[in-house]
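Enquirer: The primary structure of each chain is shown beneath.
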Amino acid sequence: MKTKQRLKYYFKSFKFFSSEYMKMNAVQSMENEYSQLLNVFLLLLFGNFIGLPSPPSSITLRILPLEINEMKYFHSKSARAGDALGDLFDAFNVEI
Amino acid sequence: MISVWIFLVIGAVWYLTFYFTYGKFLQNKVVGAEEKRLTPAHKNFDGIDYVPANKYILYGHHVGAIAGTGPIIGPTLAMAWGWLPALLWILIANAILGAVHDYLALMASVRYEGKTIATVTGNVISNRAKYIFLWFILFSLILIIAAFIIFDVSIFMLRPQVATAILIFMPIAIFVGVLIYKFNFALKYALIVGLLLILVAIWVGYNVPLVITDYNTWVTILLIYGWLAGWLPLWYLLQPRDFLNVYIMWGGIILGAIALIISFASFQIPALTSYTQPLVGYKPSPIWPVIVLVIACGALSGFHSLVASGTSARQLNSELDALTVGYAGMFTEGMVALVVAFSVASTLPQSFQMLASKTTFPAGIPHTPYTFVIANALGAFTQGYGIVVHNAFGIDIIYGAIFAGLWFATFDFAVLDTANRLARYAWMEILDPIKEKFPNAHKILYNRYVASIIPLAIGGSLAYTSTITYVWPAFSGANQLLAALALITTSSWIYYVLKKPLKISLLAFIPAFFLWLTVTTALFWYLFVVSYPMFTTGLAKHILTTTYSGLLLTVIVIFLIILDILLIIEFANIAIRRRHENKAKA
Amino acid sequence: MDLSILFPKEKGIILVCGKGGVGKTTFSSLFSVYSRKNLKTLAVSIDPAHHLGDVLGYSLSHQIKEISNNLYAAEPDMERLIKEYIQGSIEILKYTYKELVAMNLDKYLDALKESPGIEEDTLLDYIWKLKKMDFEITVVDTPPTSITTRVLKLPWLQSMWVERLIDLRGKIMGYKETIESIKAGKKLKLDDPILNELIKMSQEIEDGKKFLNNKEKVKIVGVTVAEKLPYLELKRFRNSIMERNISLAAIVINRYVDDAKNREFLNEINSEFIGIPKIIIPFSSEDLIGIYKLENFIEKIRVIE
Amino acid sequence: MKAKNFAGMIMTFLGITFMIYGFATAFFYHPYKIYEDNAIIFILGSYLIIAGPGFWIGEVPKEVVARVRKEALGAKEEVKKE
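Protein chains in written order, with the working numbering: chain A, 1 to 96; chain B, 1 to 586; chain C, 1 to 305; chain D, 1 to 82.
Quick caveat, the hints were computed from the structure, so don't treat them as lab data. Check the hints yourself; a few may be wrong.
These stretches of chain A come out as covered by chain C in the derived footprint (C-beta under 8 angstroms, 3 or more residues) [unchecked claim]:
#1 32-45
#2 53-65
Restraint ranges, calculated between C-beta atoms of paired labels, are given here [unchecked claim]:
#3 C/Pro193 - B/Ile558: 54 to 60 angstroms
#4 A/Phe16 - B/Pro349: 43 to 49 angstroms
#5 B/Trp250 - C/Glu180: 22 to 28 angstroms
#6 A/Asn69 - C/Asp287: 16 to 22 angstroms
One-sided and incomplete, this derived list gives chain B residues near chain D with beta-carbon spacing under 7 angstroms [said to hold, decoys possible]:
#7 Leu167
#8 Val497
#9 Leu498
#10 Pro501
Think of the CB as a built atom: it goes at the ideal place given N, C-alpha and C, for glycine as much as any other residue.
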């Protein structure tokens with residue numbers, strides 16, 4: 001009985017990993033583009049703190065309360081602004 | 001007649017022993033990775049970039065990102081020296097240099113909150129070192145564009161069936177992409193549909209080859225593709241193509257390994273033909289140091305440090321996973337290199353008879369299997385792969401060869417347009433320092449279209465005028481320098497930042513300096529024996545193409561050597577400054 | 001023909017615009033005193049110079065108060081207006097993200113007070129508030145034309161920005177939805193509060209634009225005197241609001257003296273602003289202060305086609 | 001937006017016709033091969049198929065805005081009706 005269970009476990013975990021791996025492959029560069037666009041959106045909204053032309057404050061004020069969750073991403077992305085090289089290498093999946 | 005599969009087993013055992021002995025030592029003593037220390041994926045979790053991923057999935061993704069076409073060219077070319085030098089280099093250099101380089105780059109980046117190796121270099125050594133890093137990347141990308149255009153054209157000219165297959169493959173990738181993203185097809189079925197269509201493409205290619213005899217038209221076609229693909233939205237062309245590519249690669253490797261074992265293939269070439277074989281630029285090239293210019297990605301590649309310090313560092317679940325992802329990841333690429341090397345070694349004379357008539361040997365070079373493998377490296381590999389698969393499963397040799405060709409060409413196309421995009425970015429990044437001094441020059445050079453044309457123009461011009469034996473070693477040189485810089489950074493990170501005792505840090509320093517020494521001598525050798533003489537003979541015989549490529553390669557190699565020396569000077573004065581600080585503190 | 005041509009069908013706003021010092025406040029007071037006879041009138045001055053109270057002869061405050069029967073007035077203070085305007089947003093934040101109050105978010109929002117263009121937003125928001133009040137007619141004494149033009153053009157600027165943000169947010173949600181559907185293995189429909197908010201905002205801005213373009217609801221009166229500079233400023237003002245197809249309801253010529261210069265000036269105005277009624281307010285030697293004096297002065301006003 | 005989609009459709013259609021044309025010419029040669037100029041047409045077709053759909057279906061995210069706007073407008077009508 002022991003080996004039968006173990007085999008079933010291995011087969012199930014293999015199925016899980018292969019489907020996860022497939023998903024990660026299918027979605028990785030789209031996720032990267034999603035994060036870049038999100039960063040641009042946040043920069044557009046709150047750019048006036050760093051000198052970018054920003055929309056009339058009536059718009060910023062109304063969206064600010066809804067934007068708090070995505071602020072976390074905004075901070076971590078701007079902390080890493082200096083070295084976009086890593087992101088580019090992931091997005092383009094260079095195989096050398 | 002020693003059979004090949006024993007060495008595959010030896011290779012696997014070798015890597016496993018190294019994994020559990022040297023790898024564990026690196027992990028516990030040198031880097032001191034602990035389970036309880038939080039990785040960036042947990043510390044600055046943001047749900048998009050920083051997301052902890054499962055160890056095996058990250059390993060699969062890391063290997064998918066590093067192994068591609070690299071471990072095919074190097075080992076095939078190295079067969080000119082016989083199978084022993086390549087085998088030894090792939091086993092030893094991988095274990096001591098390659099895997100260590102990937103693992104340390106991964107761990108250093110994990111300790112620097114997922115920042116890339118370029119920023120780590122900036123912190124650990126100096127900001128100028130960061131720009132050296134970018135220059136190496138730019139040169140590697142330009143040379144890889146040239147090298148891969150030449151490879152593609154040589155396959156399409158030699159085996160026109162692959163050309164049709166790849167041209168049908170592109171719309172298939174788009175179709176699969178539409179299935180997945182627009183009609184929300186389940187991934188499993190989209191993959192099956194994709195792979196079936198690829199088999200159809202191979203069958204169509206087999207029956208209806210696409211023949212273009214003129215070399216330069218092919219190069220122009222590929223340059224146009226590189227430029228065109230550089231502008232398309234990422235998710236729409238790149239993602240589905242990579243989605244299929246990875247499965248072609250895994251399929252190719254596993255099929256090749258099984259075929260080698262089942263067909264009891266045995267070495268058809270001697271262990272060592274001669275110490276100096278006419279390999280790089282058809283000049284007698286000694287194994288040490290030139291092997292580093294030939295086998296680049298099979299044993300060690302600077303680009304892996306960038307891949308390792310990207311998603312892999314940001315999605316690492318725990319520090320202990322790093323050994324599997326970084327260290328074992330490189331070993332997998334080593335196994336791929338072994339499979340490629342053995343499939344060529346066990347079939348070289350046979351493929352020589354078949355393809356000798358179709359290969360153009362330069363004047364004054366004897367027609368032997370060992371010069372055939374240099375003049376027509378990809379022919380040797382695809383034919384060899386076809387024969388091995390034929391012996392094992394009885395599939396027609398041409399089909400096997402087309403599959404190997406398609407496997408190579410799909411990755412080539414992927415690298416072609418990604419290299420173009422990255423070169424554009426690296427080019428713009430490098431221009432930063434001149435922003436204040438020459439603002440208007442900077443404005444012109446910084447323009448998006450200009451930035452994307454320059455790398456393609458230089459790389460393309462090399463592709464028009466030069467051949468594999470000149471361009472590939474130049475690329476490997478730049479690539480290995482990148483690795484040397486990354487290794488020096490990570491070893492000084494261990495010694496100066498982690499403050500490990502000298503005895504342990506030497507374990508990282510010695511391979512770094514050995515690599516640096518080998519690469520520098522190899523580049524000097526390349527400069528005086530290959531590229532400069534090529535320039536002078538071209539001048540003497542008034543052949544424009546050889547003079548141009550000789551000149552361009554000489555200039556690039558000189559630039560690389562200058563940067564290389566700058567790198568060591570940079571490291572030297574950092575070391576001296578740090579010793580004064582320690583003395584002052586003590 | 002008399003001042004009643006400016007009366008709206010049911011509810012409306014009169015914006016009295018002109019170069020500083022041409023007599024906007026005087027006309028606003030005259031007109032509100034006139035209109036209070038048959039309509040429940042509110043006179044408001046959002047001109048930082050704050051002269052409405054002095055002309056009407058009452059000390060006005062931030063809150064609206066009845067100064068005589070059927071006539072209400074107020075002089076809102078800009079600082080407090082901005083604070084009220086931003087306060088709304090702080091309340092929402094404090095309500096939805098209680099834990100963030102510990103991060104004393106109001107400092108963060110104080111920074112927003114200083115952001116450029118906050119005055120125009122506040123003034124526009126105040127006009128929208130006036131629209132909702134239940135006065136039959138509201139006479140607004142506006143700041144000099146340079147500020148008023150920007151306030152009037154603000155809805156178009158806002159809508160340009162909101163459309164761009166909607167476009168970008170739509171793209172983001174498109175990617176997110178595709179990614180999540182692939183991960184979940186089935187087609188998902190995600191709803192994004194920010195996109196909904198943006199679309200709601202774009203509806204409101206459209207309504208605001210329609211309101212400003214509606215000649216019944218909003219009547220803009222251009223005030224000038226028979227001099228070059230105020231006249232040129234009025235022409236420039238007319239051209240800039242014409243771009244957003246807002247038109248002038250009437251032209252007021254203040255301190256009119258029946259001499260050659262004024263008559264010639266009147267002809268030029270007639271040729272330049274065809275089809276727009278002209279309100280002539282004769283020069284008055286003594287200062288027009290207090291409702292009683294204003295009322296007596298009204299019959300002197302002539303309105304010509 | 002319409003023009004962009006339309007251009008995308010034309011390019012994709014042209015791409016398919018070029019590829020079929022290029023492929024058809026192969027059968028005039030024994031053994032079958034797509035030769036020289038026909039190959040160029042075949043390749044041009046393949047490039048058009050790569051570039052075409054980008055304009056046409058590249059607008060995946062647009063549907064989301066249209067849907068949300070419809071829902072928002074729908075909600076508004078109910079409010080008016082009550």
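Enquirer: Are the hints correct? Go through all of them and say.
Expert: Now for the hints, and whether the structure bears them out:
| no. | hint | result |
| --- | --- | --- |
| 1 | 32-45 | holds (count 8) |
| 2 | 53-65 | holds (count 12) |
| 3 | C/Pro193 - B/Ile558: 54 to 60 angstroms | 59 angstroms, holds |
| 4 | A/Phe16 - B/Pro349: 43 to 49 angstroms | 46 angstroms, holds |
| 5 | B/Trp250 - C/Glu180: 22 to 28 angstroms | 27 angstroms, holds |
| 6 | A/Asn69 - C/Asp287: 16 to 22 angstroms | 60 angstroms, violated |
| 7 | Leu167 | 4 angstroms, holds |
| 8 | Val497 | 44 angstroms, violated |
| 9 | Leu498 | 46 angstroms, violated |
| 10 | Pro501 | 56 angstroms, violated |
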